[in-house]
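Chains as they are written, first to last, in our numbering: chain A, 1 to 63; chain B, 1 to 268.
If you're looking for bench data, these hints aren't it; they were derived computationally from the structure. Mixed in with the good hints, there may be bad ones.
What the hints assert, rightly or not - Which bits of chain B does chain A cover? Going by a derived footprint, with three or more residues having C-beta under 8 Å, they are:
id: 1; region: 157-170
id: 2; region: 248-258
Unchecked claim - Estimated spans, in silico, between C-beta atoms of each pair:
id: 3; chain 1: A; residue 1: T40; chain 2: B; residue 2: A224; range: 40 to 48 Å
id: 4; chain 1: A; residue 1: G14; chain 2: B; residue 2: A22; range: 15 to 23 Å
id: 5; chain 1: B; residue 1: C59; chain 2: A; residue 2: G2; range: 40 to 48 Å
id: 6; chain 1: A; residue 1: L19; chain 2: B; residue 2: H24; range: 46 to 54 Å
id: 7; chain 1: A; residue 1: G5; chain 2: B; residue 2: Q219; range: 29 to 37 Å
id: 8; chain 1: B; residue 1: G17; chain 2: A; residue 2: G2; range: 14 to 22 Å
id: 9; chain 1: B; residue 1: L7; chain 2: A; residue 2: G5; range: 18 to 26 Å
id: 10; chain 1: B; residue 1: K53; chain 2: A; residue 2: I62; range: 41 to 49 Å
id: 11; chain 1: A; residue 1: G2; chain 2: B; residue 2: K53; range: 49 to 57 Å
id: 12; chain 1: A; residue 1: T40; chain 2: B; residue 2: N165; range: 28 to 36 Å
Think of the CB as a built atom: it goes at the ideal place given N, C-alpha and C, for glycine as much as any other residue.
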Amino acid sequence: MGVIGYGLGVIGAGFGIGLAAYGATTSMARQPEVQGRLFTVFILASAFVEALALIGFVVTLIA
Amino acid sequence: MNPLDKLGEEMDELLEGFTSTAIHGDLTVGLTQYTFWMMVAAIALLVLIFVFKKKQAACGLVPKGRFVNGVEFLVEYCRDDLCKGLLGDTWREHFPFIASVFFFILMNNIIGVIPGCKPGTGCIGTTAALGLVSFVYFIVVGIKSKGVLGYIKSLAPAGVSFPMNALVWVIELFSTFLRLVTLAVRLFCNLFAGHVVMGTFAILTSLFFVPVLQQITPQTLGFAGASVFWIAILLIIYAVELLVAVIQAYVFTLLSAVYIQLAEADEH
C-alpha cells in the first residue's frame, strides 16, 4: 500500500518539476541573457518540489 | 526459483545498515558511523585547505595548476554567485559563514558517494544541526540589523492594515520556524533516498548474478543478462547522485543566503 501511496505522491512532484522546467526553458528561449539568474531560481524551485517527493519516499520506507 | 524472492530480506538488511548504530560508546555519547564519516569529511577539508595554502604559496603571484585553480573556481563561484548575487553590499560579512557551510556539506556529500563510505549528511541529526546553525545565524543577523522588536515586527509586511497584519504575522512566524525543518529534512531526504536507491540496484545486480555461478542453464543466463541491465541503471543513478551531492550543497547554501537576505532587507 505504501508503495502505491508513494507513486500517487510522485505524480504531483512530477507535474511540479515539469512546470518549473517548462517555465525555465520558455523564458530562456525568449530572453537568453537572463539564463544565469533563471538557472538559480529553477534549481531553487525544483528543490522545493523535490523535497516533497522525497519526504514521501522516506515516509514510505520508514512507516 | 526467482531471484526476487530474497529482495524483501535484503532490503530490510539494507535499511538496517542506514540506521545509526554506535561503533564506539552508545547512541547518546559515542561515535556512530555517520559521525565517523562526518569527522573524516572535516579532516579531509582541513587537509585540503592546508594543501591549497601550501601550493598557492609555492605558485608565487599567479596561481597555476589544476588543483589550485579548481579550488579557486569553487570559492569564487560561491563568492560571486551566492554571496554577491544575493546579499548585495553586506556579502563580505556573511561570506565566511556561507562558504564554510557550502564546503562542509559538499565534502560530506562527495565522501558519501564513494562506495563503502557513508555521507555524514545522510543522518537527520547532522542536517538538523546544520539547519539550526543556519536558523540561528539568520535570526541573529535580523536582530542585529533591526533590533529585537524591529525584527519581530518586520515579520509582517509593511503596508497591511491592522486585522490582516496580525494574521500574516502569525503565518510568517510559523513559516520562519518551518524553514528550520525544511532545511534539515530536504538535505537528509535527498541523501538518504539516493543511497537507498543505489543500494537497491546493487542488491538487484547481485541477486540476479548469483544463480549463474551455481549452475549454467538458459534461465540463469537470462538472469545474468538482466543483472547487466541493473548495473547499467546503477551507474546512471550513481552519476545522478554525484550531481545531487553538488546541487544539494548548493541548494542548502542558497536557501541560507536567501533567508539571511530576507532578514536583513529593509522592507519585507
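query = Checking against the hints above, which ones are violated?
reply = Failing hints, ascending: 1, 4 and 5.
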